[in-house]
Structure formats: structure tokens, C-alpha cells
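Below, each chain spelled out in residue letters.
4 protein chains.
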Amino acid sequence: MAFALPQYNPPDFSRPQFLDAPTVVFESVKESGVAPEGFHATSVYPEYFQMRKGEWRLLRESRMDCVVVLKKNGGLAVTEFRRLKEGDLVACGRRENGEDGIFVHTEAFDFFESSSEKFPFRSRITRETSFSIDYDELYELLGFEQRNGFIVWVVGPAVVFDRDARDAFGALVEDGYVHALLAGNALAVHDIEAALFATALGQEIYSKRTVELGHYNHLDAITKIRTIGSIQKAIDEGIIHDGVMRALIRKKVPYVLAGSIRDDGPLPEVIADVYEAQDRMRDLTRNATTVIALATQLHAIATGNMLPSYKIEKDNRVRPVFFYTVDMSEFAINKLANRGSLSARSVLTNVQDFVVTVERGLRKRFGKSFVNPT
Amino acid sequence: MAFALPQYNPPDFSRPQFLDAPTVVFESVKESGVAPEGFHATSVYPEYFQMRKGEWRLLRESRMDCVVVLKKNGGLAVTEFRRLKEGDLVACGRRENGEDGIFVHTEAFDFFESSSEKFPFRSRITRETSFSIDYDELYELLGFEQRNGFIVWVVGPAVVFDRDARDAFGALVEDGYVHALLAGNALAVHDIEAALFATALGQEIYSKRTVELGHYNHLDAITKIRTIGSIQKAIDEGIIHDGVMRALIRKKVPYVLAGSIRDDGPLPEVIADVYEAQDRMRDLTRNATTVIALATQLHAIATGNMLPSYKIEKDNRVRPVFFYTVDMSEFAINKLANRGSLSARSVLTNVQDFVVTVERGLRKRFGKSFVNPT
Amino acid sequence: MAFALPQYNPPDFSRPQFLDAPTVVFESVKESGVAPEGFHATSVYPEYFQMRKGEWRLLRESRMDCVVVLKKNGGLAVTEFRRLKEGDLVACGRRENGEDGIFVHTEAFDFFESSSEKFPFRSRITRETSFSIDYDELYELLGFEQRNGFIVWVVGPAVVFDRDARDAFGALVEDGYVHALLAGNALAVHDIEAALFATALGQEIYSKRTVELGHYNHLDAITKIRTIGSIQKAIDEGIIHDGVMRALIRKKVPYVLAGSIRDDGPLPEVIADVYEAQDRMRDLTRNATTVIALATQLHAIATGNMLPSYKIEKDNRVRPVFFYTVDMSEFAINKLANRGSLSARSVLTNVQDFVVTVERGLRKRFGKSFVNPT
Amino acid sequence: MAFALPQYNPPDFSRPQFLDAPTVVFESVKESGVAPEGFHATSVYPEYFQMRKGEWRLLRESRMDCVVVLKKNGGLAVTEFRRLKEGDLVACGRRENGEDGIFVHTEAFDFFESSSEKFPFRSRITRETSFSIDYDELYELLGFEQRNGFIVWVVGPAVVFDRDARDAFGALVEDGYVHALLAGNALAVHDIEAALFATALGQEIYSKRTVELGHYNHLDAITKIRTIGSIQKAIDEGIIHDGVMRALIRKKVPYVLAGSIRDDGPLPEVIADVYEAQDRMRDLTRNATTVIALATQLHAIATGNMLPSYKIEKDNRVRPVFFYTVDMSEFAINKLANRGSLSARSVLTNVQDFVVTVERGLRKRFGKSFVNPT
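Residue numbers (this note's numbering), protein chains in the order written: chain G, 1 to 374; chain V, 375 to 748; chain D, 749 to 1122; chain B, 1123 to 1496.
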């Protein structure tokens, strides 16, 4: 059975609730960075704004908790509060059913309704939930997205702490299943530590032996890259022979390394300003059709915040954006769910097993699509 | 590289600490079920008792927190407190270094010393620990044990809540990697529910759809087996076509289903008396050379309690007993570690992934050793 | 504001759906212990059976996953499958809306509907949920129940591993807030270990120092009680001066210690047969108006299974039964929720803090109601 | 018993291992931001550098994973790699026992050795560990530190999600137990949301009711502060009447709000550049004598990285720095332990209960030291 995207159900604006609806009101920004009172905040759902009577316009790019600005050319832009300029016209109105000229379309795709919620038995995802179908659906989805979509991975450092997971993720990159990567300093540091010393935080990533003075290894890895100037140059100089960062750079896969207060170093590529990092992450997620977040609460929530549940394709078709989170703890999953990132699917497991299993499953189904050139 | 068991390091009883050691003292039981004051309690380690000056005898079968009884024939038996009879002679003495004629040999196998404990970095097993080597070692071990050992699996119901994990565990049984199974009522109930209705607690084990009135399925499964009289008979009647219980029975693999206060039903095979269940579990674990506990804190701790860290083979060689626990939570792992089950290795992941990965890994290495006869 | 129980909303049997409903059908048991096909399984909700046209009778005592038997005297009894006798007449029919003469009343009490479920934000209980109101409501509830209800505590051993929590729970017993206790062997063993040696599993319950040979302490505690014959006698002999078990016995609070395969010993009071233990637990929970389960997944689920969401008082008024679970993990809470124990409220915290806080809160509000007589 | 700090055990430099030790070597920085090869990285322990034969100098301020620079005036400065300037002289040598002229003093305070590690039973901290003594010791410690030390709290947003915890933390500030606070944007946002709307992420912080359009509340709170210009001004204008931020500002307690990629807004006070935020956090932690981290893995690890295990007082006495972490999960605790932050003590519980209990315990012992002036 060929993979097919769920159909988009456009709203029926001929329904009575919409006939009397006003056009949306825009208020002007009095001080840069501050939204006018009564501003409308965007959600993850497709949202329609009645610009003229009967003309309901869909936001082309959205994300949670932003505001909608009427551009000079008549278009609608979605932007963060902090980027508002004095005089910008911001859509106002908080009722989501059309009464303010704004309609938030929560039932855009059929898969959003989960029949299981009606029964008290087993309505919650836990570690005991069956995940077989999720793997199979993911294989089909990634097979489709590899050619037709834009797959963004959000990756915590645990993926490179384990030899097999690190190798498998590198293979996913080589095989074209990774179109962008969002991570922090630690992922890159420990990936390079593994390339140079075969350790992560001083522990061998296969044998688990703690090597002598191993706690120097990540500092030496950082120092080496800082000396050379960049990861790219280190690869060019031939000192990094494997790993995630090398695969990304070889395949020209864009990535963002966002700084955090936990960082040692950091590596030269790391973005120190978190709001600039958000912007750069947003540059990549605006294209995302599928996002997979692996064992990183910080980056997963950050990405969930900037990810809409839909994407408008070049041919103007509306398709869903898939968001998978893989984590060991129900708390992390619930926390994401509690932020309203409803379209997320969750797999509760160790990301090491997840990455290895997914790489193997894709290879079995689709073969190696990328011939390793080296 | 062929798999090799770690060598046993016998104690050197010519060392000074042993030369002046007394012979062990036995006190007689005054009341059945009650040990004499000062009784010696056994550990998971090999323990030696000086029976006559210079004759240090190793307990042939041991387990944690039992007492040692001098049998009429001069042998030493390890037994639970509750099974003591009036007049039994019980070994007394609590010093473990020989001063009471008892030596607890904590350094019997080289692998027990973990060098990683000396360094502060990454000394604890967490979900971020690398587990690649554990899988590879486990494949080697299971390949060896399939032919030379006795592999006991301790299995929580999560294994049969997922289609792929249930199938994979069935394949492990068929391929000869399961020599005994310890579980509770729930494992068998939901395995049979899956065989009859393709659900677990009313949820399809592949599609996750909640079927109508699905909460009746496990009750109907129990009722069906109670009507027929046993799982064996249900298989004979041809109504169970797949799953773990069918594989066990077909392959004549012994199992114990221990009752618990959570049980519905129960199935006819379930043992209501927990101490009788302990005895039956002990009948199987006394042969164990490798034990793997999957997502069950109750049964894993119970088994850990009755499992020594060594086994004496028929040719009197002493070999280690391997104990793996697979669980999602550091708490479960730490709780086991805190009970002194030191020989345990832990993998922190979802057992669904673990079982599927192990089955696939074994098949890849060793092929299918068992030709499905049907 | 005086505490008031939520009102019971009786079903309106004059509604059309009920007018054409048939009377319930009873089928006879062919083999003891096996329900007839199509049996009706009870839920936690109030259930009505149409005995004669227009006569809808409410089950007086119910619990999850049992069957309904028509007694010789015309009454309806709820019983476990395994207790069915040949010839018993069992209610059949699985539709819950009256079409089979059976009505399951899921909206009996107003508090069952949670408005928060309608919004995507923060609909799940997590460790970050605010629990202040739960404490305050619990104080009011326990103040009421101390005089008017029957409070059953289900207690894991963690409560006696900590000095302050053990003392606080003892005070709750002394002050009349504990009307029954359900636990396992471990709770009693470590409570007595604490009384005799001030340790739990060899670790001092206040200073946390590991005492020399402390792993003998729980075995010595068990042996001491087995020598004397019972906990009661040990108290009579004056060797136990504090703790939970002493408080229970002094105050004549009934308790059940259910056996499990993890047990050492066990203590003489422990019930080895788990189904007998279920029956004894059921003898106590049938009176329960509030149940509080502390850090015990096994006993909490077992109790949840046997606990209805309502109780019929002597004056025939129907009141809700409150079920609190206190645990550290979202998994445990979700697992309970997934079993359909919908009426449960959850507090995610360490039970040590919970018990100490509740004891202090009750004392502050209501003072010490019980004068310690010694 | 009056509280007393553990004594510092200075190293005995007359021991043979030190007599032949060389003086420490300094290498010069060739490129700003890059340490010379063989650099010495600092640890959390007191470290001594042999400057001249027989002159072992203790680092006055240290932290993990930094380098030691010889200042023009002959002093030793500890600094981050990224702050190195060309020509800086950096201490080199990795052996920690004196052989490179560097001695890392891991046994500076008696309390560092934990005897419990020698026994297999209960050596790990879990949720079932007794924490009574930790509370009592903490009361004594905080009573002492309030007058004599510098108490830094590192606080996740969960503390302000709950009414009682938020009030209690405010009282701790008022009573002088908080000398600095490290947090992120979310803590301040939701604290102000609670002040303005009595909600956190739209849910009332006491009743837990989800208010209509409540997901706007945190955005409106941010917008309000951005409009006014700062939290300080909002307090001056009289629109914030309670909460943590108001207490801090009223009491002139310094704080750092470090930005992260998860942030909405942010508030004007938030530092966007994470390395500048590290510097500002370091400005506060350099004075710290006790640090308490509540339910925040990100900030707790960041603070642990910059916190030494000792502090040199004005009178040159060396005292320990205490580091408590309070969290619900063993994973978080183990992760901190795995980073070598050995001096940390952990309490596994919900921070809501922890904060309420600590505030109550301190008030009971020491009374209210601060008279609320309003």
C-alpha cells in the first residue's frame, strides 16, 4: 500500500457562524516589541482571518504564541512579539470561532481525532503502549518524506553516547533521511570527542571503559576545533573520520547548534544568543514536514513552540506536519502534550534503540539510497 | 572470537586469615520455622564453610537470605527459614572473613570488579549509558547458553502488549533461547487475549485501536480457558494459534505463573500460594545460568532474591550466573542494586525494543536453529 | 465552610431509552468457577438492573470486573468469577445504556466531569501540577471521614523507611484517621526492624548510616516475631515500643498483610494465598469511603480493582468513594488511570513528605482528637 | 547543639610525594580563546599549585573545567577557555597527585567519605531513601548561612506553579534565606502571570481550574512588563502584589534570568547571550556557600559546573560549599552525580512539598526574622 498523506478538510465558510462574522481588526503597535492590547496569539492549527467580507485567508506559516502582522503588501506575517516595530498592524481578537473574524481550524486533518479517548481503558500513552505500528508508519512516512518532504531531527547528546546509535544516525544522514538538524553544543562536542578519542565524557562509547584522564577528552576536542577554527575545517584537515557532524557537513545538511548555560567551550559554530538561535531554528522548521525529537526536553519544547501542525505546499495544498517525540519518561511526553502540541506522537523508549531500529527498518524497506562515495 | 566464560578464582585457604579459623558451628532448631539465634544468612556469593580443620566446603546451591542446614548425610543444604524443622542443625556465625568458619567469596570472578567506580565521571548506569556492547555480549552469551546453559526469562506483561515484541519473544522460544519462564497471571491472560482477540486490555496490539467492549476481552479469555480447563487443552483444541504461551507449551518449556493480589481470574495454571510459587520458581532458577528480567519489578526482585551469582556444573567447575534486568526506570535498577544483587547488568530501555532487537540480533548471528515443525 | 459530600444524581428512568428496555437476563452457571457466555462484568460505577418492568435496582456493593448473581432471596450479589457455583444465575448483557436491562451510571456525581479536559493546555496531571488544593480538600475530607466514614490506607514500605514519615503515620493511626490498612509483608517487617534496631534494610532510618551486619536486621526481626508467634504477642511482651504496627494493634485497626513472591520470612500474619488475601482486603474495602494509596503500585492497583466509586450508606443515601494515589512517577498514575479507576485523584510526590505534611495539616486544623492513653 | 562547619584538612606537603614534585609549568596562549596543549583543567576540589619549591598555593576561586592563568601580579586566576587572550600563561599538567606540580585535594572535608559505599545494601539514593535527617541538617545549615553565608537558589518554574510553594518561597526570601536566585525566563513569567491573573499557563495555581482563554495569560503578563519596561517598574507602579519576583526586588536580592530557546517573550531582564548569562551567574556563585537547586536540570547542571566544593573566607579559612538538588527523578540526580559534582546532596521529592516544608521548618526553629513592613 502506497503511503498517502491525510486529506485536508477546509472549513466550510458558508456555515451560519461565519456569515455574520466581522472582518478582523488590526491595531497598531505603539512601542517596538510590545503587542497592542487584545492581540491575537497564534496556535499550532491552521488559522483563517477574514480580510474582507467573505475572504477568509489562511496563514501561510504559523507557530504557537506569535502575533499576526498585516504587511504593507496586504499579506499576513506571523512574528514573535519581540520583533514588532512601532506602527506595525497586529491582528486583534481572541475568540477562535469566527466571532472576531478569526477562525482556528482544529479539525483540519482526520487523524487528529483519536477514538480511544472515549473509553477509560488505556487512553494514555505509557511505556506499556504498543509501538509496533508507530515504527511501521514512521518507515512509510520517512520513505515518502525523504523524496517529498523536509525532515528535521532534534537531537539530544544521548544519541552520540552510544556507538551503534551514533553510527545509525550517521547512516540516516548519508541515506538522505535528515534534511536539517537542531541540537546543542553537547551533541557536537561529544560527537567530535567520539571521533577523536572514541569516548563520550571520557567513557568509551562501545566498551564503556572509563579511560585514564578521560574527563579531558571533551575539553581537548573543543580546544582542537577552536584551534582549527571550525568543524568544517577539522574535517577538511582529515582529523574527523566518522560521526554525525561529519555526515551532516559532507551531505551539506543544514544544522543549528544553539547555546545553553550548561555549555563547555563552546564550539565555534554554537550560537550564543538564544533568540538568534530561535530565529535560525525557525529558518529550518518553517520548511519542516516531519520533525523527530530524540531525548531532549529543552530542544523538543523549543521546536514544538515554533512548529505549526500544517504546511502549505508550493501547489497550495495543505498537508499535516508530523511531530514525533522519543523519550524515556512519561513526564517529558506529558509536558509536551500540556503545551498544546497536540499533533505530536510519542514513542517511549531509549533513543539508542530507536535510532538503530529505525535505520535498520528503513534500510530493509528501501535499501541504501545513497551510495557512499568517499 | 569464541565466547568464553570468566574463570573462577578459588580462595586461597593457605592464607593466614584462614589458618587459625575455627570450624563452623551448627545450632539446633528449637521450633519449626524459626532459626536459632546467631544464624548465618546466605548471600548471592559463593560461600565456604570449614567443616573440619582445613576442609572448606562450598555451598552447591545458594541464594540470598537463607540458612544453611547440616543434613544427616553430612551435606549442606540451603533453605528458607520457614522450612526449618525442629532439630535441624543450622550454621551460625556472621563474620564473613573466616573468623566464624565461614568465608563469603566476593571476588570469585574477575568481571565483578568494575574499574569505573574509581572515577567520579559517569560511574552510574543511566538511560544515557551506552548499551551497544551489552547487546553484543548478550548475543554471544545467549548463543553459548542456548547449547550449554539454562536461560530463565522473567517477563512482565508489557512484552505481550505489543505485536512485534510478542512475536519476537515467541521466536526466541521457538529458537531455543528460553529454557524457563517466570511470570504472573497477567502475562498469560493478555497473551491469550491477543491470540483470541488480537487485543491487550481491549486495545489492538498492533493498530492500538480500542475495540468496542474491549474491556471484556481479557475476561472472556480467562473464562474461555477456565471453561476448557487449561491453556494446554485450549491449544490442543486448536483455538490458540500464536503467542508466548503456545510457543512455551509446544516447546515443552517449563514455566511458573505466580499469583498476585492484582489478578483477575486467575487462569487455572496460576499458583495462588506465593510461597509455593517461590518454591516452584526456585525449582527452575536452581538450574539457571543466565536470567533476563523484562519490565517486572515484582518478579525481578523475587528472582534476584533466589538467584546465586554462581553455579556449580556437573564437572564441578564453578561458573558465574548472569542476571540482566531491562527496565525503563533508573529507580527499578537502583532498587535491585540496593538489594545487593550485584551481579546484575542493566539495560535501560523499553522491553518492546529490547526483545525485538535481541531476536533479530540472534537470528542474524546464529540463524534459525529450530526448524518450525508445526 | 463545612465539608459537604457531593450530591448523588440518580438516573431518570422515565427517559425514553429506559421505557422500552427489557428486564435483565440471568443465565445459569454450568461449571463452577466459569461464567456463562455473554456475562455482564461490573464496573466501578453505580449499576442498575431492571428486575421487573420499571424496577431498576442498584447494586449495593460493586467492584470492577466481577459478575452479578441473583441470590435465592431475590437479591443481587457481586462476586468474583472464581467463586461461582454450578447453578448460580449470572446477569448477562454487555450494553451499558439499558438495552440489555442494565444501566451503568457514569455521571453519578458532579465532580466526575473535569472541565479541564476540553482545553489542550495542562490537561494532564504531572509533577508540575499544583497540589495545594488537594492537600486542603484532603484535610477537610479526612476530618469528615474520621467521624463519618471509613478510611483505608494502602501503604508501601517506603513509609517506614523514613523516621519522620513512620512517626507521622503512627500519629495518624493514633488520631483516628486510619480505619484499615492494606499492605504487604515488607511494610510490617521493616516497621518492626525499625522498632527493634532503628534501621530499615540495615540502614538507620534517621541518620542513614549503614550499620554493621545491618542486612541481618530484617531477618532477625522476622525471626524474633516468628519465635514469639505474632506481632500482637511481641507488643504484649513489650519489645516493640513504636511504629505503625504497634499503633494499629493498640487502636484495634484491622489490617491485611498480603503475601508476595518477593517476601522474606514471612511474618506469621501474612496471608500466603493471594486470592484469600484479596477476599480479606475486600472485607475491608467494602466499607471504604476514602482510600489513600501510598507508593505501592501492586497494592494500589489491587485495591483499585476492588473499589467501587460509590457507597450506599445505612440510610440508603449514595455517596462517592474517594481514591487518592500518591506516587513519584507519572507512569504509576497513568497506569491506574488506564485501568479505568477514573475516580482516582493523584498527588505526585514522595510519600515521606506527603505523610508528614498531612499529619501536620490535620493536627493544625483539628487538633489531636485522641488522647494518648499509653 | 550549635551548628558547626566541617573542618578543613589541609594537605600535608611534607609527605614524600610532594618533596620531589616540580613547580608547575605555564605555557603561553598562541591564539585567543584556545588553551595550550596539555592545559590543566580545574575540578570542583581545592587545588594547589607549586609556584616555587615548597610554596603550594591554593586556588582562591575555582570551578569545573576551567583553566588557570598566571596573572601579571603573580596571582592565579581561574577562567573559561573562551576568555583566554593571546599571551596568557596557562598552567599545564594533568596528573593530580603533585607530579606535575599540581595537587587536587579530594579529601578536604571529612564528610566527603561516605561509609555506606562499602556495603552493597542501599548504597544508592532513591525515592525510598530516608530524608528526615536531610531536612534537619538543612534547617541548621540555613539558620547558620542566613547570618554567615551566601545562599543561592536555582529555581525551576514548578515552584511558582503551585500557590503554597510560591507563597513559601516568597517567605523564604522575606526571611533572609535567599541571597541570590538563578532561574530562567519561565520562572519570572509565570510568577508574574500568577500575580496578575492567579494562573500559571492558564491554570489557576490553587483551584487548578483552567480559565477561559487562559493560554493568553502568560503572553499578556509578558506584554504588560514589556510595555512598562521592567519588573521593577511594574512593582513600582503597584500592579504586582505578591510572588517571588516582588519579594526579590523588595529585598534587593540579586538574580539572573538566563535565556533559553524555549522562551516566549522574553521579559526585559532576561539575558539573551548564554555565555554572558554564565558570567553573571558566576558573579553570584563565586560568593555561594550553599546552593539549592529545585526542579531544574538545565540550571542545576549549569550551576554545578561553576560551583567549587570549597570557599575561602575573608579570614582565609577554607569551608565547604553545600550543594543540594531536589528533583523527582533518579535520572536527574544520577546525571548530576555523573558529572563529578560529588559534593551534591539530593532529595528526591516534589519541590512544592520541599519548599513548603522547609519554610515551615525554618519558621518553627528560628521564627520570623524579618518583620513584613509593607
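Keep in mind the hints are simulated off the structure, nothing from the lab.
Treat the hints with caution; some may be incorrect.
Claimed, not checked - When the alpha-carbon atoms are kept at most 30 Å apart in a straight line, the in silico BS3-like pairs for lysine-lysine are as follows:
(1) D:999 x V:607
(2) V:459 x V:446
(3) D:1112 x B:1152
(4) B:1193 x G:224
(5) V:607 x G:364
(6) D:999 x D:820
(7) G:224 x B:1486
(8) D:778 x V:598
(9) G:233 x B:1373
(10) G:251 x G:314
(11) V:446 x V:688
(12) V:742 x V:607
(13) D:820 x D:801
(14) G:233 x B:1152
(15) V:742 x G:368
(16) D:1116 x V:607
(17) D:833 x D:820
(18) G:251 x G:233
(19) V:625 x V:738
As the list claims (entries may be wrong) - With beta-carbon atoms standing in for the labels, derived distance ranges:
(20) B:1134 x V:405: 53 to 61 Å
(21) V:405 x D:959: 21 to 29 Å
(22) B:1435 x V:468: 20 to 28 Å
(23) G:254 x V:734: 30 to 38 Å
(24) V:434 x D:978: 48 to 56 Å
(25) D:959 x B:1134: 30 to 38 Å
(26) B:1364 x D:990: 36 to 44 Å
(27) B:1134 x V:473: 32 to 40 Å
Unchecked claim - Derived contacts from chain D toward chain G, CB cut-off under 7 Å, selection only:
(28) 872
(29) 1078
(30) 1082
(31) 1085
Yeah, the Cβ is synthetic: ideal placement off N, Cα and C, and Gly gets one too.
Evaluation of the provided hints:
For the suggested pair residue 999 (chain D) and residue 607 (chain V), the alpha carbons sit about 51 Å apart, so the restraint of at most 30 Å is broken. A C-alpha spacing of about 13 Å is found between residue 459 (chain V) and residue 446 (chain V), which places the hinted pair at or below 30 Å, so the restraint holds. Taking the CA atoms of residue 1112 (chain D) and residue 1152 (chain B), the gap is about 68 Å. The hint is violated against a cut of 30 Å. For a cut-off of 30 Å, the pair hint linking residue 1193 (chain B) to residue 224 (chain G) stands: about 25 Å separates their Cα positions.
Pair hint residue 607 (chain V) plus residue 364 (chain G) does not hold up; C-alpha atoms about 39 Å apart against a cutoff of 30 Å. This hinted pair does not check out: residue 999 (chain D) and residue 820 (chain D) have alpha carbons roughly 39 Å apart, beyond 30 Å. About 55 Å separates the Cα atoms of residue 224 (chain G) and residue 1486 (chain B), which puts this hinted pair outside 30 Å; it is violated. With a CA separation close to 13 Å, the supplied pair residue 778 (chain D) and residue 598 (chain V) stays within the 30 Å bound.
Pair hint residue 233 (chain G) plus residue 1373 (chain B) does not hold up; C-alpha atoms about 51 Å apart against a cutoff of 30 Å. Under the criterion of a C-alpha separation no larger than 30 Å, the hint pairing residue 251 (chain G) with residue 314 (chain G) is consistent with the structure, at around 25 Å. Taking the CA atoms of residue 446 (chain V) and residue 688 (chain V), the gap is about 23 Å. The hint holds against a cut of 30 Å. Annotation: proposed proximity of residue 742 (chain V) to residue 607 (chain V) holds, straight-line Cα distance about 28 Å (limit 30 Å).
With a C-alpha separation of about 20 Å, the suggested pair residue 820 (chain D) and residue 801 (chain D) falls inside the 30 Å cut-off, and the hint holds. A C-alpha spacing of about 19 Å is found between residue 233 (chain G) and residue 1152 (chain B), which places the hinted pair at or below 30 Å, so the restraint holds. Between residue 742 (chain V) and residue 368 (chain G) the CA atoms are separated by roughly 26 Å; this keeps the pair inside 30 Å, and the hint holds. With a CA separation close to 61 Å, the supplied pair residue 1116 (chain D) and residue 607 (chain V) exceeds the 30 Å bound.
Taken as a hint, the residue 833 (chain D) and residue 820 (chain D) pair is honoured in the structure, with Cα atoms around 13 Å apart against an allowance of 30 Å. Restraint check: the Cα-Cα separation between residue 251 (chain G) and residue 233 (chain G) comes to about 15 Å, which is no more than 30 Å; the hinted pair holds. As the CA atoms of residue 625 (chain V) and residue 738 (chain V) are separated by approximately 22 Å, the hinted pair is consistent with the 30 Å bound. In this structure the hint that residue 1134 (chain B) and residue 405 (chain V) lie 53 to 61 Å apart at CB holds, the actual value being about 58 Å.
Range check, residue 405 (chain V) to residue 959 (chain D): about 27 Å between beta-carbon atoms, so the 21 to 29 Å window is met. At roughly 47 Å, the beta carbons of residue 1435 (chain B) and residue 468 (chain V) sit outside the given window of 20 to 28 Å. Our hint of 30 to 38 Å for residue 254 (chain G) and residue 734 (chain V) holds, since their Cβ atoms are close to 33 Å apart. A hinted range of 48 to 56 Å for the beta carbons of residue 434 (chain V) and residue 978 (chain D) is inconsistent with their spacing of about 36 Å.
Against the hinted window of 30 to 38 Å, the Cβ-Cβ separation of residue 959 (chain D) and residue 1134 (chain B) comes to about 32 Å, which satisfies the hint. Range check, residue 1364 (chain B) to residue 990 (chain D): about 42 Å between beta-carbon atoms, so the 36 to 44 Å window is met. A C-beta distance of roughly 35 Å is found between residue 1134 (chain B) and residue 473 (chain V), which places it inside the suggested range of 32 to 40 Å. For residue 872 (chain D), the shortest C-beta to C-beta distance to chain G is roughly 4 Å, which falls under 7 Å, so the interface hint holds.
Interface hint status for residue 1078 (chain D): upheld, as the beta-carbon distance to the closest one in chain G is roughly 4 Å, under 7 Å. The restraint placing residue 1082 (chain D) at the interface with chain G holds, with a minimum CB-CB distance near 4 Å, inside the 7 Å limit. Look at residue 1085 (chain D): its Cβ gets to within about 6 Å of chain G, closer than 7 Å, so that hint holds up.
Comparing the model with each earlier hint shows violations of hints 1, 3, 5, 6, 7, 9, 16, 22 and 24; every other hint is respected.
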